[in-house]
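Q: Each residue of the sequence shown is one higher than the one before, starting from 1 at the first, in UniProt numbering.
In short, the hints are calculated from the structure, not lab data.
No experiment lies behind these values; they were computed from the predicted model shown.
Don't take each hint at face value.
Stated by the list, open to error - Label-pair ranges, simulated between beta-carbon atoms:
(1) L222 x Q135: 24 to 32 angstroms
(2) L22 x R2: 44 to 52 angstroms
(3) A277 x V114: 48 to 56 angstroms
(4) Q82 x K62: 40 to 48 angstroms
(5) F231 x S85: 31 to 39 angstroms
(6) S85 x L222: 50 to 58 angstroms
(7) T295 x N136: 53 to 61 angstroms
(8) G230 x E112: 55 to 63 angstroms
(9) L309 x L79: 51 to 59 angstroms
To be verified - SDA-like mimics (lysine to any residue), calculated; alpha carbons at most 25 angstroms apart, straight line:
(10) K91 x L118
(11) K189 x I3
(12) K306 x K357
Yeah, the Cβ is synthetic: ideal placement off N, Cα and C, and Gly gets one too.
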Amino acid sequence: MRIFLTIVAKELISFLRSWGLLAVVLYSFTLDVYIAGAGMQIKPRNVAIGYVDETGGGVSQKILTRLHGPEFVAPQRFLSQQALSDAIFNKKILVGIVFDEAFEKHYREGKEAVMNVLLDATAASQSFTTLGYLQNIVMDFNSVDFPVALKAHKLFNENADNHTFMALSEMLSVITMLSILLPAMVFVKEKEEGTWDIMMLMPIDPRLTILAKSFSQVIIVLLGTIICVGFVLFGSFNMPMNGSFWAFFLLTFFYIFTSAGIGLFVAAVSKSILQVAQLSMIIMMPLIFLSGAWTPIHAMHPVLEKLSLISPLRYYIEGCESIFYRGTAFADLWPYFAGVLLLGSVLYWYGFRKIGKLF
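Working from the sequences, and respecting the hints, build out all of it.
A: Below you can see the structure in the form of C-alpha cells.
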C-alpha cells in the first residue's frame, strides 16, 4: 500500500508541476462548461426578420408588433419579394414574411388569409424552432376559442432552463475527454521521455504501477468534477440537485475508471502524445454521439439506437440527469450503475491487459 500511495503522490505532484496541463484541466472544468451553458441557445434569440406588406392595412402591422425581443429584432421592411429573397440569400435576415394583397381582405371577410413565410433552413433546428414561435404568435393573434383547454405542467425542469442542461452535458463530455486523455498521457510521456525502460526495471509489480498511475488521474478528474459542480453548476447556474450528491459522486467514480480503461488501451497503441490526442478523439466522438447528449436516443436511427447500448456514457448521462433533475432514489439508479460497471469492468480489464503486455 505504501508503494501504491507513493506512485499516486508522485503522479499528482508531476501533474501540478505541469502548468500547461493544469491550465487545460482547470479551463475545461470551469470556463469551457460555463461558456457552453451560457452561450448555447436552443430558443430563438435576436432572429433577424424581414417582411413585404402588399396589403396596406393594419392587420399585418398588428401581427408584426408581436415580433419583438429578445426572440426577434425589429422587423425590416422590403419593397418586393425579390429583395426579401435576396436578403435571405445574403444572410442579412433569417426569416421573411410576405403579406399578399388579398391578405387583409380575406381576414376581414372571415376567409382563409395566407401569410407566406420564407425560412433560411441552413441551420435547420433554429429555423424550425423559429417557425414554431411564429405559428404560436399567429394562433394567439387569431384568439380562437377551443373547446379543450390545454394546461401544460413542466416536470423536473420547471423553468425550461436550457442553460443548466447544456452546462451539465458539457461537463459530462469534459469528464469523458479527460478521463481518456490523462491516463493515456501518463504512460505515453514515459515513452517520450525515455523512462519507460527504467520503469520496467523497477522492483515493483507492473500491475501495481498501472493501477496507481491510472488511479492518480481518476483523482484529478474527480477533483475537477467537484470544482465544476460547486463553482459552475451550483454557483453560476443554480443547478438543482434533487437527488443524492454521493450517488452522483459514486457513479462518476465508476465512470471515470471505465473511461480510464479506454485511456490505457490508447496508451498501449500510441507512441506519442499526438497519437494519443488523435486516437482519443476518434474513440470519444462516437461515444458522445451515441450517448444521447446531443441527440435524444429515441430520435436516432434504430441501428444507432441499438449501438448506444454499448456506450457507457449513455448510462452515465441518464443516471446524472435522474439524480440532478428527477431526484431518483439511490435504489432506483441500479440500471445506470449496472451499465457503467458492466461496461467499465470489460473496458478497464482490456485496457489493463493491453498495456500490461508492454511490461
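Q: Output the indices of the hints that this structure fails to meet, ascending.
A: Checked against the structure, the hints that fail are numbers 1, 2, 4, 5, 7, 12, while the rest are satisfied.
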